[in-house]
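If you read the protein sequences in the order shown, they are chains A and B. For the first sequence, the positions run 1 to 274 when our numbering is used. For the second sequence, the positions run 275 to 586 when our numbering is used.
These are computed hints drawn from the structure, not numbers from a lab. Hints are supplied without guarantee of correctness; some may be wrong.
[Unchecked claim] Straight-line Cα separation of at most 20 Å, SDA-like style, residue types lysine to any residue; simulated pairs:
1) K439/B <-> K93/A
2) K93/A <-> H80/A
3) K439/B <-> G141/A
[Unchecked claim] To spell it out: a stretch of chain B is covered by chain A in this simulated footprint if at least three of its residues, at any positions, have a beta carbon under 8 Å from a beta carbon of chain A; those stretches are:
4) 444–451
5) 510–523
Predicted model only: the values in this text are computed from it and were never measured. For each residue, glycine too, the CB sits at the ideal point set by N, CA and C.
Listed here are the chains, written in short residue letters.
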Amino acid sequence: MSHSDTLEALAAAGIAAPVKPLLSVEGLTRVYGKRIGCADVSFDLWPGEVLAIVGESGSGKTTLLNCISSRLTPTCGTVHYRMRDGATADIYKMAEAERRYLMRTDWGFVHQNPIDGLRMTVSAGANVGERLMAVGNRHYGNIRNTAIEWLSRVEIDEDRVDDQPRTFSGGMRQRLQIARNLVTEPRLVFMDEPTGGLDVSVQARLLDLLRGLVSDLGLAVIVVTHDLAVARLLSDRMIVMKEGRVIEAGLTDRVLDDPRAPYTQLLVSSILQV
Amino acid sequence: MNALAQDEGSQNLATYNFAYLDEQTKRMIRRAILKGIAVPGYQVPFASREMPMPYGWGTGGVQVTAAIIGPDDVLKVIDQGADDTTNAVSIRAFFAKTAGVATTTATPDATIIQTRHRIPETPLTQGQVLVYQVPIPEPLRFLEPRETETRKMHALEEYGLMHVKLYEDIARNGHIATTYAYPVKVEGRYVMDPSPTPKFDNPKMHQSEALQLFGAGREKRIYAIPPHTEVVSLDFEDHPFEIQHFDQPCAMCGAVEVYLDEVVLDDKGGRMFVCSDTHHCESRQADGHRGALLGESPGAGDDAGAEKEAIR
Ligand SMILES: Nc1ncnc2c1ncn2[C@@H]1O[C@H](COP(=O)(O)OP(=O)(O)O)[C@@H](O)[C@H]1O
Ligand SMILES: [Mg+2]
Numbered sequence: 001m002s003h004s005d006t007l008e009a010l011a012a013a014g015i016a017a018p019v020k021p022l023l024s025v026e027g028l029t030r031v032y033g034k035r036i037g038c039a040d041v042s043f044d045l046w047p048g049e050v051l052a053i054v055g056e057s058g059s060g061k062t063t064l065l066n067c068i069s070s071r072l073t074p075t076c077g078t079v080h081y082r083m084r085d086g087a088t089a090d091i092y093k094m095a096e097a098e099r100r101y102l103m104r105t106d107w108g109f110v111h112q113n114p115i116d117g118l119r120m121t122v123s124a125g126a127n128v129g130e131r132l133m134a135v136g137n138r139h140y141g142n143i144r145n146t147a148i149e150w151l152s153r154v155e156i157d158e159d160r161v162d163d164q165p166r167t168f169s170g171g172m173r174q175r176l177q178i179a180r181n182l183v184t185e186p187r188l189v190f191m192d193e194p195t196g197g198l199d200v201s202v203q204a205r206l207l208d209l210l211r212g213l214v215s216d217l218g219l220a221v222i223v224v225t226h227d228l229a230v231a232r233l234l235s236d237r238m239i240v241m242k243e244g245r246v247i248e249a250g251l252t253d254r255v256l257d258d259p260r261a262p263y264t265q266l267l268v269s270s271i272l273q274v
Numbered sequence: 275m276n277a278l279a280q281d282e283g284s285q286n287l288a289t290y291n292f293a294y295l296d297e298q299t300k301r302m303i304r305r306a307i308l309k310g311i312a313v314p315g316y317q318v319p320f321a322s323r324e325m326p327m328p329y330g331w332g333t334g335g336v337q338v339t340a341a342i343i344g345p346d347d348v349l350k351v352i353d354q355g356a357d358d359t360t361n362a363v364s365i366r367a368f369f370a371k372t373a374g375v376a377t378t379t380a381t382p383d384a385t386i387i388q389t390r391h392r393i394p395e396t397p398l399t400q401g402q403v404l405v406y407q408v409p410i411p412e413p414l415r416f417l418e419p420r421e422t423e424t425r426k427m428h429a430l431e432e433y434g435l436m437h438v439k440l441y442e443d444i445a446r447n448g449h450i451a452t453t454y455a456y457p458v459k460v461e462g463r464y465v466m467d468p469s470p471t472p473k474f475d476n477p478k479m480h481q482s483e484a485l486q487l488f489g490a491g492r493e494k495r496i497y498a499i500p501p502h503t504e505v506v507s508l509d510f511e512d513h514p515f516e517i518q519h520f521d522q523p524c525a526m527c528g529a530v531e532v533y534l535d536e537v538v539l540d541d542k543g544g545r546m547f548v549c550s551d552t553h554h555c556e557s558r559q560a561d562g563h564r565g566a567l568l569g570e571s572p573g574a575g576d577d578a579g580a581e582k583e584a585i586r
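Please model the complete structure; the sequences and the hints are all you need to start from.
Here it is as structure tokens:
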């Protein structure tokens, strides 16, 4: 049962919600000139919850993800985030320094293409250690040991710690990118097609690893994917997008087993045919 | 300072203003310098002019010197510590001709010292100005090529990348192998590239009595360290900053705790180490100090011998 269902049940029983959402998206819209990127998207994300954003190519998934994660300024709408101190902040009203600090401590962003999320010309250890150094860690030995720990958590051999990601396979690069994001123990991680560029067998291994990390660390995740199998494996809840708008939202199992919108029915049946 | 250069040597340069640059340009550069002094370590953009010498020859330093020099100044120019290299000689001659100023090789006599890649061994004093020639002013450039991003990083004091570079150094070499252009933090705020001086000279920048000005011509940046400013070399707790140490004294003057250049003597592998600061070396020799190559003079034998003992 997902957190939101628990809360609904509590609310139905007349008990006040014990916690507030981690993230609240309201009326989020981004237009590119006359073209709609995403329009009027609203949802809440609860601590530890995994939300998948699905839809075909061009449906606005990346635009939405970038607007939520403050990488792309929305045309209108708001994103509120509950900070570690419990206070809720409008991320577009924060000072830039504070927002960038949040992005490299309490948030993570995993790009589809690891080249966009890694420094290809520095070692794996420095890639993982960068966030630690950015928040003021000044002990080489500790940084290196923490990097090695994280490499092993993402199944990269300790003896690769001084190698550059240029020498890594696609799957290893993606796992390194994940370690680099998780080293500051963020509470929220954004992922844009994290298994997109990988072979099927490599994808399966990465998905298993991600599932394990997400549950061990209690991470909240917003994952964009056009692959419903990825949504099924990773997410508690999903939203389906078409032409920039949310056309269906609900628990992942419910949406996939009993799709209500005709478009979702089409999407689900098309993967079943494959 | 507005007077045109009048001395005989510059008659045929009558169309040039004092110190070559026009007064308008000098004022623009002085404004950049003042801003740099007000915000120590911050790179101030300026409208770098074409100079009658190629980039890489210190056009940034020359513009800074031209903007601050007056007829009463005494100019010293060094290149890697030496007063007598082509670059140093040319720049000295340039100002002797265009500004008619006195020049010197003696560090204590100079009011302005323009330098490429060294800080003199003789401690600088109040009232002196050290002008550095800078090729690449941006310390973050090597890992972040986007200028918009590096500016933001300075503005928001996001300097994690500097330590990524030092981390890589240790991971590859077992120690921080950066020996030149070793990054510093100025007055607890801006991270700055001290230009390609050896890290040996970094401690001299800290709390210096002299004003230090940095000019990058091609990259159009000026920055400054005012006198008595804190300058700290970046490092790790378990790999603290260290300067280079030499295991022998200068072969010419016997000096220790100075920066030495290796000089190849013959094609059989013979070599010696001598002061990179030629004025320092020559004035020590004039005072009677002798290194191993010159033999120990009776006058300074005890002293040089004692220094050598101390090193062994
Ligand atoms: N930078 C841009 N400029 C103009 N149109 C864009 C830009 N980025 C995306 N779009 C358009 O916005 C819509 C949504 O794109 P996108 O968010 O990339 O979708 P998805 O990630 O679902 O494939 C598409 O019609 C796309 O062409
Ligand atoms: Mg996309």
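Hints and how they fare:
{"no.": "1", "hint": "K439/B <-> K93/A", "result": "violated (33 Å)"}
{"no.": "2", "hint": "K93/A <-> H80/A", "result": "holds (10 Å)"}
{"no.": "3", "hint": "K439/B <-> G141/A", "result": "holds (15 Å)"}
{"no.": "4", "hint": "444–451", "result": "holds (count 3)"}
{"no.": "5", "hint": "510–523", "result": "holds (count 4)"}
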